[in-house]
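Spelled out, the chains give:
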Amino acid sequence: MARYLITRAWQSALTLLLSTIVVFLGVRALPGDPALALAGEDRSPEALEAIRHHYGLDQPLPLQFVRYVGRAAQGDFGESIRTGIPVSSMLTTALPVTVELAILAILLAAALGVGAGVLAAVRRGHPAEWLANGLALVGLSVPHFWLALLAILYLSVATGLFPASGFVPLLDNPVDNLHHLILPAVILGTGLAAIIMRQTRSAMLDSLSSDYVRTAKAKGLRPRAVITHHALRNSLIVVVTIVGLQLGGLISGAVVTEQIFGLPGFGKMTIDAVFQRDYPVIQAVVLLTATAYIVINFLVDLLYSVIDPRIRVTGDPA
Amino acid sequence: MTVLTVPTVDAAPAGLSRRTRVLRRLRRNPLAVVSFVVLALAAIIAVLSPWLAPYAVEQTDFGHTFAAPGTPGHVLGTDDLGRDVLSRIMLGARASLQVAILAVATSLVIGVPLGLAAGYFRAWDAVISRFTDLLLAFPFLIMAVGLAAIRGASLTNAAVAVGIAQIPGVIRVVRSDTLRLKSLDFVAAAVVDGASDLWVLARHILPNATSVILVQATVAIPVAILGEAVLSFLGLGIQPPAPSLGTMLATAQQFAARAPWAAVLPGVVIMGLALAFNVFGDALRDALDPKGDRR
Numbered sequence: 001m002a003r004y005l006i007t008r009a010w011q012s013a014l015t016l017l018l019s020t021i022v023v024f025l026g027v028r029a030l031p032g033d034p035a036l037a038l039a040g041e042d043r044s045p046e047a048l049e050a051i052r053h054h055y056g057l058d059q060p061l062p063l064q065f066v067r068y069v070g071r072a073a074q075g076d077f078g079e080s081i082r083t084g085i086p087v088s089s090m091l092t093t094a095l096p097v098t099v100e101l102a103i104l105a106i107l108l109a110a111a112l113g114v115g116a117g118v119l120a121a122v123r124r125g126h127p128a129e130w131l132a133n134g135l136a137l138v139g140l141s142v143p144h145f146w147l148a149l150l151a152i153l154y155l156s157v158a159t160g161l162f163p164a165s166g167f168v169p170l171l172d173n174p175v176d177n178l179h180h181l182i183l184p185a186v187i188l189g190t191g192l193a194a195i196i197m198r199q200t201r202s203a204m205l206d207s208l209s210s211d212y213v214r215t216a217k218a219k220g221l222r223p224r225a226v227i228t229h230h231a232l233r234n235s236l237i238v239v240v241t242i243v244g245l246q247l248g249g250l251i252s253g254a255v256v257t258e259q260i261f262g263l264p265g266f267g268k269m270t271i272d273a274v275f276q277r278d279y280p281v282i283q284a285v286v287l288l289t290a291t292a293y294i295v296i297n298f299l300v301d302l303l304y305s306v307i308d309p310r311i312r313v314t315g316d317p318a
Numbered sequence: 001m002t003v004l005t006v007p008t009v010d011a012a013p014a015g016l017s018r019r020t021r022v023l024r025r026l027r028r029n030p031l032a033v034v035s036f037v038v039l040a041l042a043a044i045i046a047v048l049s050p051w052l053a054p055y056a057v058e059q060t061d062f063g064h065t066f067a068a069p070g071t072p073g074h075v076l077g078t079d080d081l082g083r084d085v086l087s088r089i090m091l092g093a094r095a096s097l098q099v100a101i102l103a104v105a106t107s108l109v110i111g112v113p114l115g116l117a118a119g120y121f122r123a124w125d126a127v128i129s130r131f132t133d134l135l136l137a138f139p140f141l142i143m144a145v146g147l148a149a150i151r152g153a154s155l156t157n158a159a160v161a162v163g164i165a166q167i168p169g170v171i172r173v174v175r176s177d178t179l180r181l182k183s184l185d186f187v188a189a190a191v192v193d194g195a196s197d198l199w200v201l202a203r204h205i206l207p208n209a210t211s212v213i214l215v216q217a218t219v220a221i222p223v224a225i226l227g228e229a230v231l232s233f234l235g236l237g238i239q240p241p242a243p244s245l246g247t248m249l250a251t252a253q254q255f256a257a258r259a260p261w262a263a264v265l266p267g268v269v270i271m272g273l274a275l276a277f278n279v280f281g282d283a284l285r286d287a288l289d290p291k292g293d294r295r
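Chains S and R, in that order, give the protein sequences. Under the UniProt record's numbering, the first sequence has 245 at position 245, and the numbering climbs by one with no breaks. Under the UniProt record's numbering, the second sequence has 202 at position 202, and the numbering climbs by one with no breaks.
Chain R with its partners taken away, still in its complex shape:
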């Protein structure tokens, strides 16, 4: 008798855990490694910025306004009030990441349970779908405008507006993954075994849905970073004199003819952060994709 061997698409040796395989795929993707390093550096700078920044962010120096980048003592120059641009960018990036993480966390806390419920309980699906439609009907900026009109402009309201705007996306991916998992044998086995709905959701479905949640969070963060920047730029988010990349650009717009570099640097930082998250998100999605390296 001959034993047929089935050629496997994935070259990873059998027996390796899924996590090891995913990490291995990520390590082999140079874009993933570079974006991860950028993000790790950004995180370290953001956390340590109060100590790393060469100047206090609100420290003005009217003798040295609009210093060009490269000025001794001010590597990236100074702004209209003589404040150090490097220090403000470091703390501004910290604020951006704070708002983005807060916003995405909010969207997950609300969206994940709703997505699970919509996918698992048929009766809840219609109700939660209408709720999602309702949220979608208020575009992010219009929602932020409404919130600012009712509660005033602030960092918290910016994070809330950005977070609410992310909820429908979270519900959608968690719902569809729950539907998929629910139809698998191991869930049916647990149900036959007498497990309660809550137990099945918490022990079987949620742990298996973590990878889609992780990817969703990674792609939501750059959207949130851009959202915060827009709101602060329009004056609906972080309020001056607190440093924010968006408000820095709003100020730079007024003095663009005199100090064009001030309109360039904060934007480069916002784009760099968003780009690193997007690249890493793409790589993570590919690495988690059981179909391997199709894309």
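Next comes chain S alone, as it looks inside the complex:
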């Protein structure tokens, strides 16, 4: 166990270092003078000089990198070149929106995906199985931004059931907050639900035909008890694995969903930054996403090895 932990920690740290180098070099790969890109509107020689000095662009590259990492570790990502607001405070306002949206989407996807997956496995050959399988395929194939568009058109604008855009912070008014987030969360969760459903179904089919389930049935356990007991444990593994694997897709999906529903989160901030060529913001966003991805996947691996002890031995999560 300890050895597995150390290997995974070391691998994660290495990946984190590499991705920081990629992000660091990315801004330097911009065509022309990075100081020009970072300067935005004010392009006087003094301003450019100040930027070069501030970002240490006049220093040797390795030294620049060390300073960059040092500042980033302290949460200093510079200022937005459009608004002058520190990127860190932009992140503090934007991140909670995205995290809440993502958690809500994961919870909905897990409930829906596990439920449908178990149903499809237990009711083999039944119309319920066909329905669940068909819905999962549609969930995998539907463009989410289009679903969002239709939801706004037919559920928000036409009926007024849900707000079409905007956000209310959780602490200001939890009910309004949920009312604004539920539709985006359902849409963000559809793809994830489809993947969880297919994996749950497959895992359930495997375990239903396994020896330990036959033993459980033979010793007189009611079918419902067999299913609930084994389904729950297996589903937990499936959900944890998939959330780890699909985290990138979830982040990408959140960016699009926030853009369409006008949620003031991380994704909207990212897209706005690209169109405004706000390089300090883009750099921070990319670095932060990579870091979050690596750290969360490390935690998922740890959790995974707690739930499924076999992983500790082989050290290879599927």
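In short, the hints are calculated from the structure, not lab data. Where is the CB? At the ideal position from N, CA and C, for every residue including glycine. Certain hints may be false.
Computed footprint of chain S on chain R, listed as stretches where at least three residues anywhere in the stretch have a Cβ under 8 Å from a Cβ of chain S [stated by the list, open to error]:
1) 138-146
2) 225-238
3) 269-275
Here the structure of chain S is known, so what remains is to put chain R in place on it, guided by the hints.
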């Protein structure tokens, strides 16, 4: 003496080649046949769309903006600039497929050799695994954002971003199949026979890994189609006035109250294409599965 006959699970007569058996299983699966027909039709329309489209895609007609579907001369109506929606959908689908195929081809060209190397040479495995981790750390849309920031938004950059995002998946399946094949007797025999590593990889492992590569490509294409649509929708992919299903939806969003049908049709086409690929991919995987019809 009695001869024991072992009942075979697969009903196919012995002696049939694997390809024949796979094709037979596909032909017997109605979903596979339907999705194949849909994909074949889509491919034909995509290839011939410059000639099939009733109007030039960029031809505007300000006298007939927002014509409803069913309008004579414009079966699927017109958009905010009076351009024919059917023509734009046909060419938009062509662009989607182009980007998707380009992206998946890119991911295969880079991913297959890396997967083979990672599975075959122990020393390379760790390095290639870190490379995969690195790619995974940049989610698809964030990668596209970074690329667009550095190189500007374009069709090529969209395809590159979508393609890079697919590389880890390719490496993973090729690596695990290479590990499996490497442990089989015929590979050991070739090695004993004095075959070089490159020869073993090219002549023994790669040909046997084609089926997993094929399945991976089939499931990667719908992901790429959706990826291109998202990027174009956000303005990070195909640039207007070039037709793209994603940009059509972005425009439709602005005029959704006036022309709701414009927000429906391009999405249906994207979903139809992705669905056909996903259904066919599932059927292909089942047909190639030696365990037969378990799923």
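| request: Mind listing which of the numbered hints don't hold for this structure, in increasing order? | output: Of the numbered hints given earlier, the structure breaks none, since each of them holds.
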